[in-house]
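Colleague: Model the placement of chains B and C on the given structure of chain A, informed by the hints.
Residues per chain are reported as follows:
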Amino acid sequence: MKAIRVLQLCFLWLLVSAILLKSADCHSWKKKLPKPCKNLVLYFHDIIYNGKNAENATSALVAAPEGANLTIMTGNNHFGNLAVFDDPITLDNNLHSPPVGRAQGFYFYDMKNTFSAWLGFTFVLNSTDHKGTITFNGADPILTKYRDISVVGGTGDFLMARGIATISTDSYEGDVYFRLRVNITLYKCY
Amino acid sequence: MKAIRVLQLCFLWLLVSAILLKSADCHSWKKKLPKPCKNLVLYFHDIIYNGKNAENATSALVAAPEGANLTIMTGNNHFGNLAVFDDPITLDNNLHSPPVGRAQGFYFYDMKNTFSAWLGFTFVLNSTDHKGTITFNGADPILTKYRDISVVGGTGDFLMARGIATISTDSYEGDVYFRLRVNITLYKCY
Amino acid sequence: MKAIRVLQLCFLWLLVSAILLKSADCHSWKKKLPKPCKNLVLYFHDIIYNGKNAENATSALVAAPEGANLTIMTGNNHFGNLAVFDDPITLDNNLHSPPVGRAQGFYFYDMKNTFSAWLGFTFVLNSTDHKGTITFNGADPILTKYRDISVVGGTGDFLMARGIATISTDSYEGDVYFRLRVNITLYKCY
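Protein chains in written order, with our numbering: chain A, 3 to 192; chain B, 3 to 192; chain C, 3 to 192.
Keep in mind that the hints are not guaranteed to be accurate.
Same chains, same label: a pair holds when it works inside one copy or across any pair of copies.
Cross-link-like lysine-lysine pairs, in silico, DSS-like; alpha carbons within 25 Å at most [what the hints assert, rightly or not]:
(1) Lys40 / Lys114
(2) Lys40 / Lys147
(3) Lys133 / Lys37
(4) Lys147 / Lys133
(5) Lys114 / Lys133
(6) Lys54 / Lys34
(7) Lys147 / Lys54
(8) Lys33 / Lys133
(9) Lys34 / Lys133
(10) Lys147 / Lys33
(11) Lys114 / Lys147
(12) Lys133 / Lys54
(13) Lys34 / Lys114
(14) Lys40 / Lys54
(15) Lys37 / Lys54
Hint data in this document are derived by calculation from the structure and do not stem from the laboratory.
This is chain A alone, in the form it adopts within the complex (with noise of 0.2 Å):
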């Protein structure tokens, strides 16, 4: 009699690791979201050459659309407007802070009725808590307080990375300096 109960242990175990190894398969159609492995929140400070800042500008237009030059933003909420950076990164909302790294990559303006611009870029830390860069892609409509761009990839300590980022535009100053408030949750982590 105590052998049978086993055998039914047995089955119901069966039963019970079935359905545990259908839930822990990597193929299913849909997965639940996993838990961030990492949360970053930094700031990197951008300044727009104009002419007349070399010394300090970390950033220049390189492109912009037919007639327009490239010390004076275009009108058309600067569509067509692109440049190159190469920005310092901090741990707060100040310009003057330690950088931890670098933000270097591009972004472009590319709409006419509102301002608006795709990114494409890296951040290159190398501080004690981080080595390692972490890369982004995706538009970012900059009038709305919260926007999420795409993590795309990453190397170092952030080896093959996903997940997103929240930008927020923290400060601006006419069309000299901007600076962005961006909080990195990461969901795979190795």
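Modeller: Relative to chain A, chains B and C alone:
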């Protein structure tokens, strides 16, 4: 005797479990392709600024090689022409259908001996069906009927999307208008 | 008595299974790095247009900061120069070896005080060994011997590839030619 049979049964189960576990392993050398979790077919429409169509244009050349201007595509299969765009996305092939979002990004022609481009752009979708972004990167050998580019990220409904988009040129009119059909297949959804 | 031993054995197995299942969980906080599933070492060759080498050039400057032209690299470590390219890929370091594909994309120099670039490009491979594309994004601190950039996507044989590429400058000749060795390590293959 029964007890021994139960013992055998348990060992058999041990074996089966081990095999199942191995197949569920996320870290195996080569994984079976998961089933697609989302499929979208969308069209986007690009009207290139040529100096005369400022009102209708949705894209503009902002860079070109030495000697070229930005209202006429270069010879050499447009080699070196870089455009930024903000194009309407529609569910069918009609430019005047109600847009379900915007395709925002850039492309450039990068071959001297044939028409070929490289694309970096984001679908910003904002309809009752889909809210979120999908970002794409990749080479676009324009004269090939169907060509695949990579989905490199996503936000909102497409958080951390992975997959490919199969692009085909649905129509074009000289150097002023083209319409791309984009068949997006996502293999990872959350 | 035997039946009780079997019972004990089953419970032991229950415990072991639970632990194994947990380690196979795809949604764990931090995952062990999977073993590489593909490794490729390839070279690509970039010949920059300088106004005199139209026939051989495989890349051209298409954007530069105010005041610069597009046949001479800017001072300031080429800050702001943006090039588009269609470069041959070879299996060894010989420019004249039969190409196995094309490296297509763009790079720009983005630091004023040292040589550093940002790359966005695709390896379009079409050989007996490999058919498909791999797309890369990332910062390239040129003067560092080995630097990692991100694999952000892939198609064909490299569908949804994930991993990194370790780049090293294999050779260069002034501002006209450079050759990069690219050691690609993929951790996800389908």
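Colleague: If a hint holds in the structure, say so; if it doesn't, say that too.
Modeller: Here is how each hint holds up against the structure:
1. Within a single copy, lysine 40 and lysine 114 get their C-alpha atoms no closer than 37 Å, and across copies no closer than 32 Å, so neither meets the 25 Å cut-off.
2. With identical chains, the CA atoms of lysine 40 and lysine 147 are at most 25 Å apart within one copy only, with a shortest distance of 23 Å there and 29 Å across copies.
3. In this assembly of identical chains, the alpha carbons of lysine 133 and lysine 37 lie at most 25 Å apart whether taken from the same copy (22 Å) or from different copies (22 Å).
4. Taking CA atoms no more than 25 Å apart as the test, lysine 147 paired with lysine 133 passes between copies only; the shortest distance there is 17 Å, against 29 Å inside one copy.
5. With identical chains, the CA atoms of lysine 114 and lysine 133 are at most 25 Å apart between copies only, with a shortest distance of 22 Å across copies and 39 Å within one.
6. In this assembly of identical chains, lysine 54 and lysine 34 lie within 25 Å of each other by CA distance neither inside one copy nor across copies; the values are 52 Å within and 51 Å between.
7. In this assembly of identical chains, the alpha carbons of lysine 147 and lysine 54 never lie at most 25 Å apart, being 31 Å within a copy and 35 Å across copies at closest.
8. Taking the shortest Cα distances, lysine 33 and lysine 133 sit within 25 Å of each other only across copies (18 Å), while inside one copy they are farther apart (30 Å).
9. Taking CA atoms no more than 25 Å apart as the test, lysine 34 paired with lysine 133 passes between copies only; the shortest distance there is 18 Å, against 29 Å inside one copy.
10. Taking the shortest alpha-carbon separations for lysine 147 and lysine 33, neither the intra-copy value of 29 Å nor the inter-copy value of 33 Å comes in at or below 25 Å.
11. With identical chains, the CA atoms of lysine 114 and lysine 147 are at most 25 Å apart within one copy only, with a shortest distance of 20 Å there and 32 Å across copies.
12. In this homomeric assembly, lysine 133 and lysine 54 never come within 25 Å of each other (Cα to Cα): the closest approach is 35 Å inside a single copy and 42 Å across copies.
13. For a Cα distance limit of 25 Å, the shortest separation of lysine 34 from lysine 114 qualifies neither inside one copy, at 39 Å, nor across copies, at 45 Å.
14. Proximity of lysine 40 and lysine 54 under a CA criterion of 25 Å is satisfied in neither setting, with 40 Å inside one chain copy and 50 Å between copies.
15. For the identical chains of this complex, lysine 37 and lysine 54 are neighbours neither inside a copy (47 Å) nor across copies (52 Å), given an alpha-carbon limit of 25 Å.
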